[in-house]
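Spelled out, the chains give:
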Amino acid sequence: MATVIDRRSPKDYATDAAPWWCPGCGDFAVLRALQMAAADLNLDPARTVLVAGIGCSGKIGDYFRSYSVHVVHGRTMPVATGIKLANRDLTVIAAGGDGDGYGIGLNHFIHAARRNVDITYIVMDNKVYGLTKGQTSPTTHLGSRTTSAPTGAIDRPITPLRMALVAGVTYLAQGFSGDPKHLARLIKGAIQHKGFALVNVYSPCVTYNKINTYDWYKERLVNLDDDESYDPGNWQAALNTVIDKDDLVTGLIYRATDVPTYEELLPGYRPEPIAAQELQRDPAEWAKILAEFA
Amino acid sequence: MATVIDRRSPKDYATDAAPWWCPGCGDFAVLRALQMAAADLNLDPARTVLVAGIGCSGKIGDYFRSYSVHVVHGRTMPVATGIKLANRDLTVIAAGGDGDGYGIGLNHFIHAARRNVDITYIVMDNKVYGLTKGQTSPTTHLGSRTTSAPTGAIDRPITPLRMALVAGVTYLAQGFSGDPKHLARLIKGAIQHKGFALVNVYSPCVTYNKINTYDWYKERLVNLDDDESYDPGNWQAALNTVIDKDDLVTGLIYRATDVPTYEELLPGYRPEPIAAQELQRDPAEWAKILAEFA
Amino acid sequence: MRSELTWMVGGQQGEGIESTGYVLSAGLNRLGYHIYGYRTFSSRIKGGHTNFRIRIATRRVLANSDHVDVLIAFDRDSVRRNAAQLTPGAVVVIDDEEAHPQLPEAGDGVRVLGVPLTGIARDVGGVIMKNMVGAGASAALLGLPVDAFDDLIAERFGSKGEKVVEANRRAFRAGYERLAGQAACSDLRLEAGDGRRRYTMTGDDAAGFGALVGGCRLIAAYPITPASDIMHWLVPKLPQFGGVVVQTEDEIAAITLAVGAGYAGVRAMTATSGPGFSLMMEALGYAGMIEAPVVIVDVQRAGPSTGMPTKHEQSDLFEMLYGSHGDLPRIVLAPATAEECFYGAAEAFNLAERYQTPVILAMDLAVGLAIQTVDDLDFSRVKIDRGLVAAPEELGPEDADFKRYRFTDSGISPRSLPGMPGGLHLATGLEHDETGHITEDRRNRVRMTDKRLRKFQSVELNDAIPPVTFDGPEAPDLLLLGWGSTYGPLAEARERLERQGASVAHGHIRLLEPLPAGVLASRIAQARRVVVVENNARGQLARLLRQEIGTADKDRLHSVLKYDGTPFLPSEIMRECEAML
Amino acid sequence: MRSELTWMVGGQQGEGIESTGYVLSAGLNRLGYHIYGYRTFSSRIKGGHTNFRIRIATRRVLANSDHVDVLIAFDRDSVRRNAAQLTPGAVVVIDDEEAHPQLPEAGDGVRVLGVPLTGIARDVGGVIMKNMVGAGASAALLGLPVDAFDDLIAERFGSKGEKVVEANRRAFRAGYERLAGQAACSDLRLEAGDGRRRYTMTGDDAAGFGALVGGCRLIAAYPITPASDIMHWLVPKLPQFGGVVVQTEDEIAAITLAVGAGYAGVRAMTATSGPGFSLMMEALGYAGMIEAPVVIVDVQRAGPSTGMPTKHEQSDLFEMLYGSHGDLPRIVLAPATAEECFYGAAEAFNLAERYQTPVILAMDLAVGLAIQTVDDLDFSRVKIDRGLVAAPEELGPEDADFKRYRFTDSGISPRSLPGMPGGLHLATGLEHDETGHITEDRRNRVRMTDKRLRKFQSVELNDAIPPVTFDGPEAPDLLLLGWGSTYGPLAEARERLERQGASVAHGHIRLLEPLPAGVLASRIAQARRVVVVENNARGQLARLLRQEIGTADKDRLHSVLKYDGTPFLPSEIMRECEAML
Ligand SMILES: Cc1ncc(C[n+]2csc(CCOP(=O)(O)OP(=O)(O)O)c2C)c(N)n1
Ligand SMILES: Cc1ncc(C[n+]2csc(CCOP(=O)(O)OP(=O)(O)O)c2C)c(N)n1
Ligand code: SF4
Ligand code: SF4
Ligand SMILES: [Mg+2]
Ligand SMILES: [Mg+2]
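Protein chains in written order, with this note's numbering: chain A, 977 to 1270; chain B, 977 to 1270; chain C, 63 to 643; chain D, 63 to 643.
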């Protein structure tokens, strides 16, 4: 008697929980864009898992309607990888902050990218540690004043786009909370992509980041999707563009279609989900293995 | 009655411990090169600290004569940073393996690079986990058979040189155990450099890596130092070269002289080492701070 | 006239209303009152209920009270949520244009005053000053002199210019004047304070200050509630003393960076809470193995995992005592008050260098974040003792191995620091011989393990932070035992029970590892019953006592546990005791 | 004719001489002997002394013996280092051209045979086959039939082609023939084995196998001695059953990846040793909080920190019991033999899913790496029990919240797995309500904590791995208690003491958390004295017993500790007991 829902609307991906974000926070737009992308793809919430990090951003896990996993700080990538490998029929989306993903979790991000597991990773990059009250984050601009660096940050920022390209990401896009529709398209593309996809989102923190504001971005961002001459299939050009434009681009930056996914390369990995396997097996199979010890 | 030693020879940087490496291991050459560089610079062993990782490579800490710290797996970077900040008069050199530095320790490496603390980091890259008996390492080539991937590695390798450039390393060189003299020059340059320096060394594991052998490298490596037209001052060119040449270069790849070190940027950081400070202070100073709580 | 009352402000998180409490605390302190201020908040930046309660008294108070006498409510939600604590006779000031709004949620016998706090603020210069209006109104209700706040406001806003100072003063006075004439509430007026100069600080502030005075010159840390304030306090201070703050990429980097600095001769620390502390376990063992000094502050919050980041608990004791693989001893010191956070932090660095070991300063959210009145800090009690550092003549000739890990009777070996000629050695997390060289020799292994353990046989503390204190009779009917911030509630409960004629003693443990087992055993043996009071679900201290102390048998040891995220109230402890007496 | 003897091969690490031992073990097994093989090696790849000892007997043996009867020495260093163990009458075969070399280091009464093992190998095909020559020579000395090894060699080298097989057979036979005629050593011949089919495996192999049979389909791990072998064993096996091996970037990724897979419905594990285990503490608590099943194997080695990676110890017990911040219960299971590693690993997955919790399989280097004879494995004893998974009718309508963390009497709530319609919920490490939503409500907090703790009140094990076993009288003069690989030495010591007429019992604990306290308390109460025997310096099990068991008071509980990196010998335990009887 299960009803088959043919078309879902963004609202179908909303939980009852009222978002805890500050009014104006960029993360609202990310949630909205994700819901739009999900609706566009008509994702089944029951077969979708959102793996959220710790931070203001990570709260998204409580607002997006799907199976939702809110992990420990910085560990979205391995948890998402474990879920996807366990059940390849699921759509697995990870989402978290710049601190979560490029600070404590940077190592996992790079290793996930090089493995090319078919997961989508959305980073809500506000260039600050929001939830812990405004400390320097790995993407904080040099010289920005923060609660932990009141005289200005002195660590040169991590450049996620360049890092991702070098790590071997096979889908790379950057969005902006000021344009949720565009962002939704980028997220949709990421979910559709077979392999590891990163969508970095400039998602302003209106409370703690008084520099990288909506206006600041609006004045600076260039949308590559508007540039017909831009070829997202060219890795070297993508890297050069990102460097030239000082990371201030939006749109689809790079997509590779010829890199096999981890799932394709794993020896013995089967088309049906591991989670669906029957585990109790015929003892005779085990006896054969036992004989190897004789 | 301390004797001032004007000139030291490489032998002055050898401990009594007999190296535990396999005959032919590339790490012997790295040790020798480090000793040559130290002798060339006449480093005072008492003011030099070698911070070694865990692995075959990390054993170098027991063989190089200086203050020596053998840390837990993957943590050379923060320990070296702590030592340098504590006593800026020390020459701090870190050394470890590809697993140590680009696997478990990758996050620290990237964050150390962007901080630009004045330390030198030598990675003995044998593209395998040596000490634990030949498992896949982060730099193992796709398809290489290892004890943990007998049917061939399926994770695309980390590319340390590109990663380092993107992370903002201010001195980047690559050496080869087949040419210890050249390596010694690169290490010397790294130590002389003010800021974070990475010397990645192709250091063959003769026991577990039957692919990336001395001969394999000899056939492929191009020495940039021999190319007069190559300008190591150009970041973009360095990146392009490394990509073009598939990372198979040696020599000084990049050097920036205009990036301030962390020490220069730290507020209130003084010319004399913190370690030399007298800690017992006049209570009147504290009373002033206490008054802030009144 | 009251000698004690509890004031509270409540409203939406992120609207700056807590500053009402900060201003009031500071003013009360200057007028010679003792205060204990406790914030209730959530792990979100804006929105959701938050409140800040201040217990005000003419004697020292270190615990929350059961009830609220004055509530400044910026919304009705604040009344609803705190109504159960409003006693008959309490006054609620609600931010409302109506002078006497109907607030059935306030409860019977509660006096409600509608005061347009926001409206008044708007009139005098801007709604963001509604907190000042609230503070002024509070000062009036409590009968405090308005002038006492003038300087305070100037200090607080001075950096923003004279205009801002004036506007805030106006707002404060406007709020004050609005309620100054309320004869109907004159019963809320406080007896005069004693006017003595005291200080208000949180345990986090005090730990930062203690670290600085204790010679700490480097903190490496990663932000986490409720420990971040320690780093924040040190951020502007350390550079003034040639020290360094490094915000690292994670907690593993934080502790290993500090260990590196400690090895190189700088007093270094990290500060974290449960999740970060768990990540530090491997490095903790490393510090123990290379015998490097390092101070790790764990300001505990409700666990496990991410738990309740803004809620109080004392449930990391097991991990502090037993975390990290292998036989690794360590020192665990638990301050009970802000003063002790100061002295404890300072002393932690002496212990770390004297015993060449990691020292864990076990704080908890209540001691870390509560604002407490501190009588004075005696800086002459902080004596820097750097432990055994090899003198030049103890160091070897340049080319010989220095015995950094020399076998000694005390287990402590003089250390050499990088830069010292003749002190070269290997510091490794692998097992090593006296010179630091790696060895798997069986005899050496045993001797080296024994050496490391032997160091902890006689840990001695500075008298500013005693290993354990006792109040009350030596052979009581009931012995209450606790650690950390339960000190305040326990002390108060004991005093009240004693006044009721009960025979109750209170032992409070500051040195949890190595435990002062001898004195505890004798006190436990003399008590008829023993109650171990702590904020966790497994009775961690009680288990430690059973493990270490023969007299602490299961029958006589009773646990009183609270793990709902809030600290004990003295009355809760009394109730438990009364049932047992 | 001997019914038992100890054989050893010694030489330089990395020269493949251990394979002498592997070939011999396999042959002995096929001939119906029981063996216990133990390797001594260092954390280096080539060079340095290594040895491999095999205790051979016609009955089950699970411990090393005190002495060596036959030593195949590929260098004189091997003789020097092991001389103390050579009893009068022992035979040393030294790789030497001289037939009867002078070897004063061998000691009095030791028979030395110079046999050019390398020379013979060179003659028959290549020096790398010296191990086969050594194996052949050993077979001759022990009086084993040479033919028995033919198949074995074919199986071992078959993949390398017939030529290699032939060369190795030649080498074996050449070694055999060289010593076949040694009438002077005929006293070393073994009684005939019983010819029964048995199996030899290490605990690591057995744990990998048990995991596979127990339904594990994913291992995420990072290499570390002495746990890597578990992953290595699974690498070729898991893909055959549609499973996955992921070598992660570090141990934090390893455990969190496994937790993700476990949450999604796949039985998943990680395997590590102390340093890696310490890094997993935060994630351990996370698994506990979201109630995800995960199995973590800790094959303990000598700590703290990097310690002695190739040396045995049982010193992670404290961290297994108490690591991770907050009040986090878990299950800790300690197998004592290779069989139990098999059944224990399989059962661990049942427990993890039944109690929706992390389960720690506490192994140690001795149980993990020693080669043991296993009589048989009964696969029918492994019954997959996936615990409470919500049936479709228990799941809600599509748009309602599923109560994943429903309050139940048992504390266990039916779980939904991603993919199940109507089972949507949030799994968070923050405190949450029944539906998984984040909450800081005080009442919910207490109820949810109690629910999590309640699950562990009645942990029941499959009978293949009992919580605790006892041998010997119920009310003995001496009760020996142990855990893990001390089983073998303790059992043997007890039997020998019993034969001497002493009243000695032996209790061995497999379930360390939750501890079977009731039965232990009664047995402890009935014993005159209790001796807790373990391989660590702090007496960790003894402390656990004191904590949990009222009858385990300090006076009657005596610790026998060994922490030099080697397992107990039965004789060492006997000596301690004799002093106490
Ligand atoms: C191990 C650990 N360390 C620290 C914290 C505290 N913490 C919570 S959120 C956060 C930073 C979040 O920053 P970011 O990922 O940028 O998210 P944002 O709040 O900016 O969206 C930190 C450090 C934690 N929960 N766990
Ligand atoms: C936390 C931790 N995990 C795992 C290990 C085991 N381990 C020792 S060395 C090593 C790998 C070393 O590889 P690499 O850094 O490349 O050094 P190499 O031996 O190749 O020189 C590992 C995994 C450890 N010591 N600590
Ligand atoms: S603090 Fe910043 S990131 Fe967090 S909710 Fe508010 S605006 Fe958003
Ligand atoms: S195993 Fe490889 S890396 Fe290690 S010592 Fe031998 S050759 Fe060198
Ligand atoms: Mg952020
Ligand atoms: Mg390597």
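Hints may contain errors.
Claimed, not checked - Here are the simulated DSBU-like cross-link-like pairs (lysine-lysine), alpha carbons at most 30 Å apart as the crow flies:
{"no.": "1", "chain 1": "D", "residue 1": "Lys445", "chain 2": "A", "residue 2": "Lys1264"}
{"no.": "2", "chain 1": "A", "residue 1": "Lys1221", "chain 2": "B", "residue 2": "Lys1109"}
{"no.": "3", "chain 1": "A", "residue 1": "Lys987", "chain 2": "A", "residue 2": "Lys1221"}
{"no.": "4", "chain 1": "A", "residue 1": "Lys1221", "chain 2": "A", "residue 2": "Lys1194"}
To be verified - Label-pair restraints from in silico Cβ distances:
{"no.": "5", "chain 1": "B", "residue 1": "Ala993", "chain 2": "D", "residue 2": "Val508", "range": "56 to 64 Å"}
{"no.": "6", "chain 1": "B", "residue 1": "Ala993", "chain 2": "A", "residue 2": "Ala1267", "range": "45 to 53 Å"}
{"no.": "7", "chain 1": "D", "residue 1": "Val508", "chain 2": "A", "residue 2": "Arg1121", "range": "50 to 58 Å"}
{"no.": "8", "chain 1": "B", "residue 1": "Val1235", "chain 2": "C", "residue 2": "Gly304", "range": "32 to 40 Å"}
{"no.": "9", "chain 1": "D", "residue 1": "Pro459", "chain 2": "A", "residue 2": "Thr1233", "range": "17 to 25 Å"}
{"no.": "10", "chain 1": "B", "residue 1": "Gln1168", "chain 2": "C", "residue 2": "Gly304", "range": "20 to 28 Å"}
{"no.": "11", "chain 1": "C", "residue 1": "Val508", "chain 2": "B", "residue 2": "Ala1263", "range": "14 to 22 Å"}
{"no.": "12", "chain 1": "C", "residue 1": "Pro535", "chain 2": "D", "residue 2": "Val508", "range": "30 to 38 Å"}
By construction, these hints were calculated from the structure, which means they are not laboratory data. Values in this document were obtained by computation on a predicted structure and should not be read as measured data. Ideal Cβ positions, reconstructed from N, Cα and C, are used throughout, including at glycine.
Taking the hints in turn, this is what the structure says about them:
For the given pair, lysine 445 of chain D sits about 19 Å from lysine 1264 of chain A by alpha-carbon distance, which is consistent with the 30 Å threshold. A threshold of 30 Å between alpha carbons decides the hint, and for lysine 1221 of chain A with lysine 1109 of chain B the separation of about 45 Å lies outside it, so the pair is violated. Restraint check: the Cα-Cα separation between lysine 987 of chain A and lysine 1221 of chain A comes to about 36 Å, which exceeds 30 Å; the hinted pair is violated. In summary, the hint linking lysine 1221 of chain A to lysine 1194 of chain A is supported, as the alpha carbons are separated by about 14 Å, within the 30 Å threshold.
Distance hint check for alanine 993 of chain B and valine 508 of chain D: the Cβ-Cβ separation is about 58 Å, which falls inside the suggested range of 56 to 64 Å. Under the hint 45 to 53 Å, the C-beta atoms of alanine 993 of chain B and alanine 1267 of chain A, about 46 Å apart, fit the expected range. One distance hint, 50 to 58 Å for the beta-carbon pair valine 508 of chain D and arginine 1121 of chain A, is violated here, with the actual separation near 42 Å. About 24 Å separates the C-beta atoms of valine 1235 of chain B and glycine 304 of chain C, a value inconsistent with the hinted range of 32 to 40 Å.
The hinted window of 17 to 25 Å between proline 459 of chain D and threonine 1233 of chain A is violated, with their beta carbons roughly 40 Å apart. Separation of glutamine 1168 of chain B from glycine 304 of chain C is about 26 Å and conforms to the stated range, judged on CB atoms against 20 to 28 Å. Between valine 508 of chain C and alanine 1263 of chain B the beta carbons are some 50 Å apart, a value that contradicts the proposed interval 14 to 22 Å. Between proline 535 of chain C and valine 508 of chain D the Cβ separation comes to about 33 Å, which falls inside the hinted range of 30 to 38 Å.
In this structure, the earlier hints numbered 2, 3, 7, 8, 9, 11 are contradicted, and the remaining ones agree with it.
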